[in-house]
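Just so we're aligned, residue 1 is where the sequence shown starts under my numbering, counting upward by one.
By construction, these hints were calculated from the structure, which means they are not laboratory data. Possibly wrong hints are sitting among the right ones.
Straight line, CA to CA, 20 Å or less: simulated SDA-like cross-link-like pairs of lysine to any residue [unchecked claim]:
{"#": "1", "residue 1": "Lys141", "residue 2": "Gly113"}
{"#": "2", "residue 1": "Lys141", "residue 2": "Asn98"}
{"#": "3", "residue 1": "Lys139", "residue 2": "Pro186"}
{"#": "4", "residue 1": "Lys139", "residue 2": "Gly193"}
{"#": "5", "residue 1": "Lys139", "residue 2": "Met127"}
{"#": "6", "residue 1": "Lys141", "residue 2": "Leu192"}
{"#": "7", "residue 1": "Lys141", "residue 2": "Val151"}
{"#": "8", "residue 1": "Lys141", "residue 2": "Gly110"}
{"#": "9", "residue 1": "Lys139", "residue 2": "Arg158"}
{"#": "10", "residue 1": "Lys139", "residue 2": "Ser182"}
{"#": "11", "residue 1": "Lys141", "residue 2": "Gln124"}
{"#": "12", "residue 1": "Lys139", "residue 2": "Pro109"}
{"#": "13", "residue 1": "Lys139", "residue 2": "Gly110"}
{"#": "14", "residue 1": "Lys141", "residue 2": "Ser99"}
{"#": "15", "residue 1": "Lys141", "residue 2": "Pro186"}
{"#": "16", "residue 1": "Lys141", "residue 2": "Leu115"}
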Amino acid sequence: MLKHSKYSKIIAITAFLSVANVLLNSSIVTAQTNSRKKRLPIKTSALNSAKKQAIRQNIFFPKASNHQNSKKAWQQDYSKISKNRQIIPAQEPLLIANSVSGNASWYGPGFDGRLTANGETYDQQEMTAAHPHLEFGTKVKVTNLQNGRSVIVRINDRGPFIRDRIIDLSAAAASALNMISSGVAPVRLTILGQ
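With the hints as extra help, turn the sequences into a complete structure.
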């Protein structure tokens, strides 16, 4: 799958420029409209500038041929890559980090018994937390960097909505991390999954 996704951008761009090349050679587009064919002039300047930009970036694109759909034609076109040109593969997909550090806060008494963002009733005595982006039900290991204590919480709410904080813990989780009195503590989050 990774190998396929690595080259899918190249194939899509190549196909687009091959079609663009055919259009440049004909300089008109035929469109089907209400059972009648209409001939529409196209602006070649946009296609030419895209092609020039690709050449400036040292990328090779095969020319359109009469036998575009045959696999052999594509192989022949790719075998004509000159020495000073190269095919640039797509970038690797971004991986989401499973560990992040920042400040944690806690919430409890004023919210106990209210509904959370996922529809549950908030219970400050459960090991739960609020996070701005993680999927509801995700288990997260929270480690207090000041004392080394850890706790596993389940995400069931959204927040915190204060710029320098990454997670809002329930009162029970904050108590287990020994951060009730400080209110805010530096933590490391390790995402464990569902």
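Hint check against the structure, violated hint numbers in rising order
1, 8, 10, 12, 13 and 16
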